Structures are given as C-alpha cells and as structure tokens.
Amino acid sequence: MTDTVSSADVRTILDARGYRPALEWIARRAETFVIPLAALIVGMVLFSLFILAVGKSPVQLYETMWRGGFGSWFSIQNSLSRAAPLLLAALCVALPARLGLVVIGGEGAIVLGGVAAAAIGVALNGAPSVLVIFLMGVGGVAAGGIWIGAVGALRHYRAVNETISSLLMAYIAIALMNHLVEGPLRDPASLNKPSTQPLADIYRIGNIPGMEVHWGLVVGILACLLSWLLIEKTRWGFAARIAGGNVRAAQVQGLAVGPLIVGFTALAGGFAGLAGMLEVAAVQGSANGSLAAGYGYTGILVAFLARHNPLAIIPVAILLGGIDASGGLIQRRMDLPDATVLVLQGMLFIVILFSETFYGRFKLFNPDLWQRST
Amino acid sequence: METTDIGLWGVPLAMLGGAIRVSTPFIFVSLGEAITERSGRINLGLEGTLVFGAMSAYAVAVMTGSPWLGLAAAGVAGLCFGLFHGWICKFPKVNDIAIGIALMLFGTGLAFFFGKPFIQPSAPDLPAIPFGTWSDIPQVQAALNVNVLFLIGAALAVFLWWAFRNTRIGLIVRVVGDSADAARAMGLNPNTVRLLATGVGGALAGIGGAYLSLYYPGSWTERISSGQGLMAVALVIFARWNPLGCFAAALLFGGAGALGPALQSVGVTQGYYLFYAAPYILTLIIMIATSSPSRALAGAPGELSITR
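Just so you know, the protein sequences line up as chains A and B, in that order. Take any residue in the first sequence, count from 1 to its spot, add 126: that is its number in my numbering. Take any residue in the second sequence, count from 1 to its spot, add 147: that is its number in my numbering.
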C-alpha cells in the first residue's frame, strides 16, 4: 500500500467526477486568454525599458497611470466615458475582420455620424426630444453605415483593397466635415472653433443615474453583446465566419458573399457613426473638429487586442479608455509628452500582433492532451 | 502687384510649382514602397516612418546646423523602421498589413514623443536650385525653384527602373516577389531579401519625411504629414510597381495636392476644404478604376498579399 497516486489514478478520479470535460473546455479556451494577456505584460515590460531609457521611473509611471485611469471613482468614471466611443469604434474593425477584411477608417464614420446627427438635431429644433434623439441616432448610423458599407461594396464588387480605401475615405470624411462645419452648417457665433449650432438642451443625452458617465457606455456594451450574438448565434454570423475562413468555399456553398460583406461593413460603419452621434449628443453638444479625436484609431488597437471578439472588446476598451484618461496626469506629474500614451499603445499593438505567431505552439493548450485515454 | 498681372494663369503655374514641391515626398515613399512590394511584402507603416523621418531630420538639423546630417539621420531612422518590419514579418502568422498599421501608430507616437522640444526652434533648409532666373515674374521664379531632393528622386526613379530590369539584384528582388518557392529553388532566402528590401524602402520613406520638415512646408509640427505615406502605397499600385510610373503618379498627386492652395492664391476660397481632399479622392477614383474583381492586376508581384 502506498500513498502516492499514479497519473492514471488521477485520470480515473477526474473521469469519475466529470472534471475531464471541464479541463478540455478550459484548455480549448485558455490559449486565447493567456497569450494576449502575456503579450500585454511583455508590452508593458518593453515600455518600462523605454521609460527607463528616457530617464524616468516606470514604477512611478504605472502608478500614475493607475491613479489616472482607475485609482478613484472620479478617474474610473473618466475612463468609462472614454471607453464608450472605443467600444463602438472597435466593433467597426472587429465585424469586418470576422469576414477577413482589415477596415481601419472608422474615424471617418465617427466624424460623419456626428455631423449628420448635429445637422438633424438643429434642423428639427422644436420637435419632441425622444423623436429627435432617435432620428439623430438613425442619421448617425446611416451616415457611418453608408460610408463603411461603400468600402465593403468596393471591396467585393471592384476588388479595391479595403484597408487603403477605408483610410482614404477617412481623410475625405474629415475634409467634408471641415467643409460643412466651416461653411454651410457653421454657427456664426462660433468664432475660435468653428462648430455647428449647439443642440438644444432637451436633445442632449444625459448621464447614467448615479454616475458621471453618459448613456453611450450602455449603448456601446449593448452593441458589443448584440454583435456577439450576431456572430456566434445566427446563421448570418455563421456564414460570415465561413466566408472569413475561405471566400471560395463560402461561394461554393452558395452563400451570398457580396450582401454579407456589404451588410457587415455597413453595420460596422453604423456602430462607428453611432459613436459620432453620441459624442455630439452627450459630450460636445455640437459637431466640430473635436470629433476627429482619434477614437477610430485607438479602436483598431482595441479590436486587435480583443482578437475581434465582441465580448472581449468590453474589458479591453475600458482598459484602453483608462490608459487614454491617464495621459493628462502623466503629462503633468511626470513631465512627459502627451504622446507617451501613443508610444505605449504602439508597443502593445506590435507585441499583440507578434503574439499571433505563438498560437498552436504550446502543448499545454492542446485539448488532445487532456482527452480520454483508452 | 504682379499677382494680379498674370491673373488666372497663376493657377496652372502655381499647380506646376506646387506639383514639384508637393510631389517629392510622394516620389521617395512610393519608390521605397515599390522596392518593398516588388519583393512580395507590403509595408503600410511608411506613414509612421515618414513622420518619424521628418522629426529626426529636423531635430538633427537643429542640433548640428546641417540639413544634410538631418537627411542622413532620417534615412537611418527609416532604415531601422523598415528592418524591424521586415524582421517581424518573417514569423509565421504575423500579418504584414496589420504590422504596418501598428508601426504607423508607433512611428507617429514616437515622433510626437521625441519631437515635442523641436516644435519651437527653426532648422536650416535643404538647398533649392533656382531654374527660373530667366524670368522677371516672381511666380515663375517661385514655381521653378526646384529642391535638390526632387532632382535626386527623379534620377533615382530612372535608376530603379533600369536596375529592376538589368541588374542581378533587381532580378533577385523580382523573383522573390513573384514566387518564394522559385527563389528558394534558386538558393535564395526570401526572408533575407524581403528584410533588405523593406529596410531600403523604409530609408527612402525617412528621406521623404526629411523633405517635409526641412524644405516644404519646412518646419516640424505634429500635423506635418497628411497621409502622404499612405497615399504613396496606393500610388504604387496605380503605377503598376514601375518606378517611372511612380514618378509620374507622384507628380500628378502633387498637382492635385497643390490645387487648393493654388486656387486660394488667386482668391478662390469657397470650398477650400473640398479641394484639400482632392488627392484622396483622386487616389480613390484611380484605385476603383484600375482594380477588377475578375483579373489580377497586371504586373503585380505574385506574393503580394494586397492583390490576392
């Protein structure tokens, strides 16, 4: 009689208690969780080296970052406010990515969505507020949807590379906004910063009760949940995943790839347009140059970090919202340029993309290892 | 005084001068990208390289007083960015387009980080050669004041066009770009060739950035680039990976970019921002017109992910 238990015994015990399927389930999913997390840590270590190289203390930096992003109720609310547009901007990248498209021009859809919403809000001044806010949302979604949907249509029907065309369209959108805001839609009273006429107070979107965070956060989280359901639980999502894996195979199966691509890109652009509408209705109160604040570009990073999974976008957007929010404090407390946050984001982005090469390389994550031995 | 004398003739003249002035960064970035893409990789990060090149050139020129040292610094910085892209893309499952986007953000972030102290001081300019001294009209003189980098870029385009066809190195780059398997059969290592091709491409993009900060517009600001690095990538596709085509397309883009300021100089201010969008719209139209879903692009390197 011995006290030690052989591995075969362990397996028998685990089998008997039904743990084995659980282990398999964990192994199957752990990879998509552990590798990005490890990449995040490696990226932060590399950034520490960078901060050391410019003669500052990384410990103080991360401490400041924590305080500025999540250290107090005030800073948490600030981070959540910044996460709201990031959620929607990231969906603009993640949804087309499931179809194998790299769309990076979400900034253009945000800007145009904001301008469309502001124009509607000013034009319908006097109408009931619920109706106007609803129509502003519709306008924002439509503007963004048409803009990015066009990118998808060009991709499918004309084989125009979507990465370059979407970014060109973003530059065109920003020029269009400048034209409209400084010309036809300009409020003559806005002298230093050309803007559209301010929205009446009843058309503004307020804060979630008990918080200094506007309703955009709830909208963004709902959009992520709906996108997840769309991709994982509906036949359109299933078709999109097939087309993302192999377009030819999807066509052979008789899937209508064209409408699928246009539909997904239009929905993606619609979310980004909604982000622009929320910026106007909840934050700025009018459309102006502040709409091009770079949320579209940070959204790219959020989507890649979340590996284009809409559920994972929620925590990642909050994390990056916090990093964004701490930028000002880092600048004041540590005498570092405001671009410090951009450097960190760039490093994280590169490390995350590099980590793609490690998928499937570790035995530990192989479900076969945990499978029933006969 | 003279401005009103030549009237509307000022527009084409200003566009010619503008085309020469504005096109130079396009020439360098697109030639660099042409080398990279001919080897079968695409580097979208040249936008970031351009901005970082502009910053490093300006910083070094301010500190040393020599614009040429600034130019060299921009080239070396660009080389480093290019080599990094080339190195990281050799790993399996690492996507060259996505890495390019990341480097675009990283390069701009790094440039803003280190460039902060250099926004105020002024740096010496790169020299220009006045070809317009025969004329008394200041607009003509201004239009024909050609920077040396433009001339170097033009010579480089001809040289690369010749080198791709007639030299061993040109052949090696083209083989690697058309078929990695064929290259391996020839005993070449595709990753090494692509590493070097991306490095050279990055160096040229850095030099294009130096032109921005050291000649036109001639100062370092955080808004120095308006997407030239990215448009240059589209321009290479339009030019069918032909260096001479890149040069011609760059001039065309420069002209489109000069349209807004040229119209403004003769008093047309209506819709200024729409004219500002002209190069982007032109790029998009060209991409739509030259792409087709039913056939591959003529002259496209077989290994290029963007045309597959």
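One should not assume that every hint holds.
Claimed, not checked - Here are the simulated EDC-like pairs of lysine to aspartate or glutamate, each with C-alpha atoms no more than 20 Å apart in a straight line:
no.: 1; chain 1: B; residue 1: Lys-237; chain 2: B; residue 2: Glu-369
no.: 2; chain 1: B; residue 1: Lys-240; chain 2: B; residue 2: Asp-328
no.: 3; chain 1: B; residue 1: Lys-263; chain 2: B; residue 2: Asp-328
no.: 4; chain 1: B; residue 1: Lys-237; chain 2: A; residue 2: Glu-482
no.: 5; chain 1: B; residue 1: Lys-237; chain 2: B; residue 2: Asp-325
no.: 6; chain 1: A; residue 1: Lys-489; chain 2: A; residue 2: Glu-150
no.: 7; chain 1: A; residue 1: Lys-319; chain 2: A; residue 2: Glu-308
no.: 8; chain 1: B; residue 1: Lys-263; chain 2: A; residue 2: Asp-461
no.: 9; chain 1: A; residue 1: Lys-182; chain 2: A; residue 2: Asp-461
no.: 10; chain 1: B; residue 1: Lys-263; chain 2: A; residue 2: Glu-308
no.: 11; chain 1: A; residue 1: Lys-319; chain 2: B; residue 2: Glu-369
no.: 12; chain 1: A; residue 1: Lys-489; chain 2: A; residue 2: Glu-189
no.: 13; chain 1: B; residue 1: Lys-240; chain 2: A; residue 2: Asp-464
no.: 14; chain 1: B; residue 1: Lys-240; chain 2: A; residue 2: Asp-313
no.: 15; chain 1: A; residue 1: Lys-182; chain 2: A; residue 2: Asp-464
FYI, nobody ran anything at the bench for these hints, they're computed from the structure. Everything numeric in this text was worked out from a predicted model, so none of it was measured.
Hint check:
1. B/Lys-237 x B/Glu-369: Distance of about 32 Å is beyond 20 Å: violated.
2. B/Lys-240 x B/Asp-328: Judged against 20 Å, a Cα distance of about 18 Å means the pair holds.
3. B/Lys-263 x B/Asp-328: Violated, because 47 Å separates the two Cα atoms, which is more than 20 Å.
4. B/Lys-237 x A/Glu-482: Status holds; Cα separation ~12 Å.
5. B/Lys-237 x B/Asp-325: holds, 17 Å
6. A/Lys-489 x A/Glu-150: holds, 13 Å
7. A/Lys-319 x A/Glu-308: holds, 9 Å
8. B/Lys-263 x A/Asp-461: holds, 12 Å
9. A/Lys-182 x A/Asp-461: It holds: about 9 Å lies between the C-alpha atoms, which stays within 20 Å.
10. B/Lys-263 x A/Glu-308: Status violated; Cα separation ~29 Å.
11. A/Lys-319 x B/Glu-369: With Cα atoms ~19 Å apart, A/Lys-319 and B/Glu-369 stay inside 20 Å; holds.
12. A/Lys-489 x A/Glu-189: Violated, because 36 Å separates the two Cα atoms, which is more than 20 Å.
13. B/Lys-240 x A/Asp-464: Given that 20 Å is the threshold and the Cα spacing comes to 33 Å, the pair is violated.
14. B/Lys-240 x A/Asp-313: With a Cα-Cα distance of about 51 Å, the restraint between B/Lys-240 and A/Asp-313 is violated, given a limit of 20 Å.
15. A/Lys-182 x A/Asp-464: Status holds; Cα separation ~15 Å.
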